[in-house]
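**Student:** Order-wise, the sequence lines are chains A and B.
Note that numbering that gives the first Met the number 0 numbers the first sequence so that position 1 is 0, with each residue one more than the last.
Note that numbering that gives the first Met the number 0 numbers the second sequence so that position 112 is 111, with each residue one more than the last.
Derived from the structure by calculation, the hints contain no laboratory data.
Possibly wrong hints are sitting among the right ones.
DSS-like cross-link-like pairs, simulated, lysine-lysine; straight-line CA separation at most 25 Å [said to hold, decoys possible]: (1) A/380 x B/134; (2) A/47 x A/3; (3) A/190 x B/230; (4) B/246 x A/190; (5) A/190 x B/59; (6) B/246 x B/230; (7) A/190 x B/42; (8) A/190 x B/252; (9) A/190 x B/263; (10) B/42 x A/183; (11) A/369 x B/263; (12) B/63 x B/42; (13) B/59 x B/42; (14) A/380 x A/426.
Only part of the chain A face toward chain B is listed, based on derived beta-carbon distances under 8 Å [as the list claims (entries may be wrong)]: (15) 152; (16) 153; (17) 155; (18) 300; (19) 301; (20) 350; (21) 353; (22) 355; (23) 356; (24) 357; (25) 364; (26) 397; (27) 399; (28) 401; (29) 430.
Pair by pair, the computed Cβ-Cβ distance ranges are [what the hints assert, rightly or not]: (30) A/446 x B/144: 53 to 61 Å; (31) A/415 x B/187: 27 to 35 Å; (32) A/377 x B/110: 25 to 33 Å; (33) A/415 x B/110: 28 to 36 Å; (34) B/110 x A/427: 56 to 64 Å; (35) A/70 x B/180: 27 to 35 Å; (36) A/311 x B/299: 17 to 25 Å; (37) A/125 x B/141: 30 to 38 Å; (38) B/94 x A/446: 22 to 30 Å; (39) B/285 x A/68: 55 to 63 Å; (40) A/40 x B/27: 43 to 51 Å.
All C-beta atoms in this analysis are idealised placements derived from N, C-alpha and C, irrespective of residue type, glycine included.
Chain by chain, the residues run as shown.
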Amino acid sequence: MSRKLLLEHINVPGINTLEVYRQKGGYRAVEKAIKTLTPDEVVEEVKKSGLRGRGGAGFPTGMKWSFLAKPEGVARYLVCNADESEPGTFKDRYLMTYIPHALIEGMIVSSFALGANTSYIYVRGEMMPQIRILEKAIAEAKAAGFLGKNILGSGYDLELYVQPGGGAYICGEETALLESLEGKRGNPRIKPPFPAIAGLYGCPTVVNNVESIAAVVPIINDGGDEYAKIGVGRSTGTKLISASGNLVKPGVYEIELGLPVEEFIYSDEYCGGIANGKRLKATVAGGSSVPILPANLTLKYANGEPRLMSYESLAEGGFATGTMLGSGGFIAFDEDQCIVRNTWNFSRFYHHESCGQCSPCREGTGWLEKVLHRLEYGHGKMSDIDLLVDVSRKIEGNTICPLGDAAAWPVASAVRHFRDEFEWHVKEPVKCLSSNYGLANYAVPIEKQAVAEEK
Amino acid sequence: MDNLVKVTIDGITVEVAPGTSILNAARQIGGDIVPPAMCYYSKLEGSGGKCRTCIVKVSKGSEKDPRPMPKLVASCRTTVMDGMEVQNITSPEVLEARSGVVEMLLINHPLDCPVCDQAGECDLQNLGYEHGLQKTRYEFERRTFDRIDIGDKIQLHMNRCILCYRCVFTADQITDKRVHGILNRGDHSEISTYIQAAVDNDFSGNVIDVCPVGALTDRTFRFKNRVWFTKPVDAHRNCDHEKCTGKVTLWYKGADVLRVTARKDQFGEVESFICNTCRFDKKATSDWVIEQPTHVSDTSVISSNHYETFKPLPVIKENLALQEANKVELEKTEKF
């Protein structure tokens, strides 16, 4: 069993109440941080831990915190991004549902570190039950003196609010989230200025993912150095992975970063292999916006080395043969799944969720969706496949926020790795409606290269 | 003045005040290297960054940090740094990306230029001419909306809209009561006035001027004439509205004033916003004091019917002083 930091007590009955959470060592981090550490020391611990943002981009959290501008007399805000809505990702909802106090505790410690006296948890509108759970937890924490005026007699005040969003994927982009929180239309802002300089209501703001904030708790409890020992290289600590798709045991797993992908899929501790004795065809390793990989490249690098679950290892080989850890939404496809259909489904999502602010994304996502729909239903042409690549290339990198990239990458990578299947959809317009292309050679194991390139 | 920063755009160096955007620095240089701007409007705070036609490549970030920027950036919203080097039309990458953006802008555009009032003074038309493909690659039905009359003077033709948000900023910043915004999202987003409320405000007509395409049109001018058959003349009147300068362009056809608009500069931006009385109600020559014919760019289709090609008299060719005096006209003859 690997170490669990966030989900250690997930199965304890009543862990969602303050009482049980306290018995299991909860709110130790708040006491330690507020009573014995200065805000700068907390930031220093987080920096030492090497914690990287768990929302998708993987930006070091400690560094993000240290960028926060601290002008005199201006309020600072911490905003927790709980607008989790990427297809394939459901770790934050799980965490908020079962251990809401982990998030609240992380919020208190993080707000203390940043000197924020008002903090917000922006929860996706569809997650109404989680909003109620969080509000109840906040009320409990407030009654116990962990929130409100003069926390634990230290003179530090913190008010924590839960704000329901309108249920838009784009509001998970930090500046769109801030716009939405201010009560405006959730359009991403043009950066710079970054939120660390001018964020919520024009004040310096830090926006962090739920999991990043919750991970601050074990970092403060055990120390940043201890946390940094877990994991591999620059990917330190543990990560929640939302495993879904054709797996024997889909669900949320906490892994130590650096776990081999093969072990994650096939070991009984985690996903337990592919359901119904089928074979793995492809995976999306980090939520719908990261490039899709065929089974052989999922398990091994192009040179035959085993691939690990970490920020660097999943990205090994760039976009040609790699992918990204993203938000940890691990989707597995077995041999019966149609990649064209899946790509169309993802594209449909991005078409629906594009905010419509900048032209390449507004028009391009719809175009991709329509072309993929045509291919999936057997009306496609060979030229459509190149058209997809060209359109996705014209969206990528030309937009204000990363949603354009997120819409383009899955399409570009699906065509890159599964071109045969797209061509089959064009050549067999009738057959593709009733049957699938199958596994083909997507799972042919990559032989370890005999000659090591380095030597 | 040692606090000016140096920026090089397509090999031309200019010194500008700190905080200037790349686009405005390019406008100070002028000429072909000015990136096109569909959504940026210097008079509207917060505009820009949306249409992505003004993207440029920053090949050197600044003197201190010479790393190039990883992505193409929107020049209207990126401020210059000292020693920055920018590539606009000299970078094939930029031109390709820009033509990609133009293609995206056009896929849902109805291309009804033959019946569009904006034709001839349309930014999208110019862009399409410069960067567009001969033929669209989009083979699906275009998104359509119904035409909406917002008030008795303005018509919204949403099919043509490229969602630049200029009119939203105008409604927000120039007019008092905002009744104008964006509904829905993605490619279903539309400019709307919430339950078709009439836009009723002294300055609402300015949304027509800021619209880069023919989505917002003047109902008093609608289908009256093609813009290149009309003759623009600068004029003014003493408007009693305190915010209105009364400086306008009158568009004549024969003796009739068909349309009144605000005066536009060389980048297609109005010099000052005008009130609705000036725009919609004062359509007689007697209401105005005429100043001069409006300067229209030679490349504009509007100028094509009005001004004959200059044929220099033999005496000019011999006299240096006369050549100097007629420099602009002589350059034109060489250019064409």
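**Student:** Name the hints, by number, that the structure is in violation of.
**Tutor:** Result: hints 3, 4, 8, 9, 11, 12, 13, 15, 16, 17, 18, 19, 28, 29, 34, 36, 38 break, sorted rising.
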